[in-house]
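Participant: If you want the building blocks of each chain, they are given just below.
Number of protein chains: 2
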Amino acid sequence: MRVTAIVPAAGSGSRMGGAEPKQYLRLAGVPLLSRTLLALTASGCVDHLVLVVPAGQEPRCRAEILVPYGIAAERVVPGGADRQASVGAGLAAAPADSDLILVHDGARPFVTGALIRQALAAAAEAGGAVVAVPVTDTIKRADETGTIRETPARAGLWAAQTPQAFQARLFREAHQRAQADGFRSTDDSALVERLGCPIRLVPGSRDNLKVTTVLDLILAEALLRAAAGGG
Amino acid sequence: MRVTAIVPAAGSGSRMGGAEPKQYLRLAGVPLLSRTLLALTASGCVDHLVLVVPAGQEPRCRAEILVPYGIAAERVVPGGADRQASVGAGLAAAPADSDLILVHDGARPFVTGALIRQALAAAAEAGGAVVAVPVTDTIKRADETGTIRETPARAGLWAAQTPQAFQARLFREAHQRAQADGFRSTDDSALVERLGCPIRLVPGSRDNLKVTTVLDLILAEALLRAAAGGG
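Line by line, the protein sequences are chains P and U.
So that you can map any letter, position 60 of the first sequence is 758 in the working numbering, and since no number is skipped, the others follow by simple counting.
So that you can map any letter, position 209 of the second sequence is 907 in the working numbering, and since no number is skipped, the others follow by simple counting.
Derived from the structure by calculation, the hints contain no laboratory data.
All values derive from a computational prediction rather than experimental measurement.
Do not take every clue at face value.
Identical chains blur together in the list; that is why a pair holds if it fits in one copy or across any two.
What the hints assert, rightly or not - With a cut-off of at most 20 Å between alpha-carbon atoms, the simulated SDA-like pairs for lysine to any residue come out as follows: (1) Lys908 / Arg724; (2) Lys908 / Val833; (3) Lys908 / Asp835; (4) Lys908 / Arg852.
Please model the complete structure; the sequences and the hints are all you need to start from.
Facilitator: Listed below in structure tokens is the structure:
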């Protein structure tokens with residue numbers, strides 16, 4: 699099975715509040731994005747790597763994210779106007795011989811090899827797989843007036859993370875159909891679900907956090923210290 | 699309007715992993731629980747304070763949580779087997795002249811006076827109010843086999859926090875009915891919702907976090923430093 703990993707990292711990172719594009723944010727000296735890519739390559743499961751960055755940032759990303767850490771990404775491609783467009787751009791650049799597509803957020807550096815393997819195995823079997831954690835908050839559904847209409851049972855509710863993995867043919871079809879139908883989603887799996895394909899949940903970990911705010915960065919630094927045994 | 703705040707702090711705190719009961723955990727030298735109670739009293743909105751702690755811990759809580767910080771809690775009562783029982787114990791100890799009941803987690807020290815006032819005002823008007831934040835994760839509903847059945851639209855989904863506020867008569871009735879029906883929930887509002895009473899959402903803040911894990915504690919310390927202007 700040939701696996702292509704698509705890493706969308708084309709967002710503006712406006713929630714970080716800094717002047718520097720979030721692609722170059724460092725976590726204990728190493729760019730977050732480099733850490734994420736290193737975690738993917740270290741898994742030993744990824745045959746091809748496609749990195750999606752803001753248009754115009756390709757040379758700088760190669761020079762600062764890839765080269766200093768010896769990361770071999772076949773393609774560094776410009777992203778689109780939203781996540782779906784960026785993943786679609788990555789998919790267009792994926793080698794034709796890919797059997798499985800793994801999509802993983804550039805801002806989730808703590809992904810483990812075990813999670814990647816489980817997502818790929820589940821996708822190979824079922825068609826698609828989404829790493830997710832059980833929802834711990836009580837969820838409420840409100841109407842437009844701000845009045846609670848429903849408290850959905852928490853059992854069976856999961857918060858999606860990445861990696862998400864899909865059979866390549868299915869994922870290409872899902873993107874084409876969404877494009878044709880004008881369906882937009884920030885959720886990669888939703889495109890495949892609407893084809894009626896069964897998607898498996900793979901239990902993830904809260905440590906696999908997405909670093910999108912300054913507080914997340916502080917938390918990520920703490921996780922890194924804990925992983926290094928420094929508490 | 700006479701306001702009684704019930705603060706459930708009777709949990710075991712097993713997720714902290716320490717030997718010390720979580721009630722005595724300190725955040726920058728001050729017990730988390732003391733910080734939460736001080737935030738409530740500082741709001742100027744609370745007429746009576748009822749603290750619910752694990753049975754047998756009442757004297758130690760008075761000595762370590764209340765007295766050193768000059769916090770005047772009318773009642774310190776033993777909790778029950780679950781959250782509903784603990785809040786029920788607090789409610790039984792609430793003065794009969796209470797018009798509004800405010801329930802607030804002992805482990806949410808960053809609650810603001812503005813949030814408390816908004817929750818009380820909404821409850822006075824509508825019957826009940828829940829502070830909540832919009833859900834940012836993609837939520838999936840899965841069946842028992844771990845297959846995704848639904849991706850509920852994220853618009854209109856909120857994650858409940860505390861404070862939650864209720865008209866006292868309504869909240870007492872809700873607890874009595876739940877008791878009579880054998881209905882159990884970790885969610886205070888759910889007891890009132892099932893009476894058919896409209897409950898308002900009050901937009902909260904991510905900073906109003908519940909400190910239940912060691913990572914939350916690290917994050918709380920970072921929030922405290924940020925609030926102090928230390929970055």
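Participant: It remains to establish, for every hint, whether it holds in the given structure.
Facilitator: Against the structure, the hints come out as follows:
no., hint, in the structure
1, Lys908 / Arg724, "within (14 Å within a copy, 28 Å between copies)"
2, Lys908 / Val833, "both (16 Å within a copy, 15 Å between copies)"
3, Lys908 / Asp835, "both (18 Å within a copy, 10 Å between copies)"
4, Lys908 / Arg852, "between (22 Å within a copy, 18 Å between copies)"
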